[in-house]
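Protein chains in written order, with the working numbering: chain A, 1 to 267; chain B, 1001 to 1235.
Note that these hints are calculated values from the structure, not bench results. Cβ coordinates follow ideal geometry from the N, Cα and C atoms, glycine included. Check before you lean on any hint, since a few could be wrong.
[Claimed, not checked] Per the computed footprint, the stretches of chain A lying under chain B, defined by three or more beta-carbons under 8 Å from a beta-carbon of chain B, are: (1) 40-53; (2) 105-115; (3) 222-232.
[Stated by the list, open to error] As a list, the in silico DSSO-like pairs of lysine-lysine whose alpha-carbon atoms are at most 30 Å apart: (4) B:Lys-1158 <-> A:Lys-114; (5) B:Lys-1158 <-> A:Lys-131; (6) A:Lys-209 <-> A:Lys-258.
[As the list claims (entries may be wrong)] Ranges between beta-carbon positions, derived for each pair: (7) A:Glu-263 <-> B:Glu-1023: 29 to 39 Å; (8) B:Lys-1039 <-> A:Val-71: 23 to 33 Å; (9) A:Leu-248 <-> B:Asn-1041: 57 to 67 Å; (10) B:Glu-1023 <-> A:Lys-91: 35 to 45 Å; (11) B:Ile-1071 <-> A:Gly-38: 41 to 51 Å.
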Amino acid sequence: MFREIIINPGRDKNNQQEPYEKICIPCSSTVSIVGPTGSGKTSFINDIELIAKGDTDTERKIEFILNSGEVFVSSNLTKDKPVVLITQNTKCISDLIVSEFISIHARSRGNINKDIVEQCLNLANQFTGEKIERDYHITSLSGGQTRSLLIADAILISDSPILILDEIENAGINKALIMDLIKKGKKMVFFVTHDPVVALNTDVRIIMKNGAIQKLLTKTETEKILHEKLKKIDNYYSELREKIRNGLSISSDLPYEKILSGEECQV
Amino acid sequence: MKLVLVAGPPSVGKTTIIKRIIEKMSHENICYFKIDVAKANEDEILRKEYNIKTNKAYSGDLCPDHTSVVIMKDVIEWAEQNDASLLIVESAGLCLRCSPYLTQGVGVGIVSCTSGIHAPEKMGPMLSLADVIITTRTDLVSQAEKEIMSQKLYELYKNTLILETNALQGYSLQKLNEVIKQSEEIDINKVELKGNPPVGTCTICIGKKNVGWKNHYGIVRQMSKNFTGFIYRGD
């Protein structure tokens, strides 16, 4: 649907113009947004979600370029929204049960698939350790359950060409599986992250500082190799976490040699 | 002079939305008027922050929207005397039976995303008669929940412009400013209340405290057997 995203400079926290003329990112890329807390990552993703027209605090202008070369004009209707944003917010206020929540949201996004509730639940339950049932109240779900449900919802219901995930590493859910699934979905994905495994997973990194986009880095060959190794360490780490969460004792020492030689390591 | 009437339950972000309007409309000569029941300091805050003419009225034992109807002409005259090009009136609508919107000017109804999913149905004329509905605090809920709220509003009020905002930053209020700019100048001699006000002339209104319809006269109704329907609907 979209060919590329164009970001026109806004202003940083000191009201200075951002240090670039125009950033164009092809929609076939995955992007990570990195920078210290308070550097403007959340404001930036809000700009993308709203397709800012210079009307936000940052004064950035974001343009989505259609395959035809024209600039996309938003209709204000939820069902036509091209962006899905999964914030760090896992608080739900609506007192609805899970199946109602999913079906009302599917309706708002114009999704008419009859089996959507079942599919969404099945996917969410692959991400989280604690099973979600269709008649659970949304308000009583744990942080990880809500996040898993919202990500499944984003992948299946919203089915928008652009997906923004704000710190998926935080909720203790299966991020490797999520990243794999998303890559298969051929969406343009923005990851706001502090996690090197997530950041090095993407083609492009946007560096934020003092409310401004500082620079844009493309993944180097060295980083590609490093990322492959990091993934293995990360898998080891996830496995370790799962075992500890499930109350097991760990009997083997850290497999230094395997980690260093880049082999698969098991706990 | 253009007129904007902002209504919504307490603490949904009415004043914050008004601040964002004032900031974007700084080239206009703005007057602000607040109608509240017992206590309001928004007029002082806005006067200090933006150096604009402000004023307020307390409705006391009267319903704030009733007050708004009674004094609105005076308010418009006050703003005109101050050469205002834009008058913003904020009302603390309380019982949700009526709305302060007029046949002229822009009526803005505000509902918070954190009010829960059933709030839009309960707010009646405050939303159904609004020209623009704004959902605030979108940063405090997930995108899915925000969209569910908007969907509910859209299903209920199909022909009304619905905007979502995080009023702290004032996201997506540009559209509201456009609506205000395009609105027509008001004519003080032709201004009327948009909706039908509820009737409040009964023995309860004049202070009789006895419980039960047999103890009252004026507008009294017996609760129907199946507890459905309105007690009184202008019949």
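Hints and how they fare:
1. For the stretch 40-53 of chain A, the stated coverage by chain B holds: 5 residues have a C-beta nearer than 8 Å to a C-beta of that chain, and at least 3 were required.
2. Only residues whose beta carbon comes within less than 8 Å of a beta carbon in chain B count, and the stretch 105-115 of chain A has 4; three or more means the coverage holds.
3. For a cut-off of 8 Å, the count of residues in the stretch 222-232 of chain A with a CB near a CB of chain B stands at 0, and the three-residue condition is violated.
4. This hinted pair checks out: Lys-1158 (chain B) and Lys-114 (chain A) have alpha carbons roughly 25 Å apart, not beyond 30 Å.
5. This hinted pair does not check out: Lys-1158 (chain B) and Lys-131 (chain A) have alpha carbons roughly 37 Å apart, beyond 30 Å.
6. For the suggested pair Lys-209 (chain A) and Lys-258 (chain A), the alpha carbons sit about 37 Å apart, so the restraint of at most 30 Å is broken.
7. Checked against the hint of 29 to 39 Å, the pair Glu-263 (chain A) and Glu-1023 (chain B) fails, with Cβ atoms roughly 59 Å apart.
8. Evaluation of the 23 to 33 Å hint for Lys-1039 (chain B) and Val-71 (chain A) yields a failure: the beta carbon distance comes to about 49 Å.
9. The hinted window of 57 to 67 Å between Leu-248 (chain A) and Asn-1041 (chain B) holds, with their beta carbons roughly 59 Å apart.
10. Between Glu-1023 (chain B) and Lys-91 (chain A) the C-beta distance comes to about 29 Å, which lies outside the given range of 35 to 45 Å.
11. The hint said 41 to 51 Å for the Cβ distance between Ile-1071 (chain B) and Gly-38 (chain A), and at roughly 46 Å that hint holds.
The structure fails to meet hints 3, 5, 6, 7, 8, 10 from the earlier list, while all remaining hints are met.
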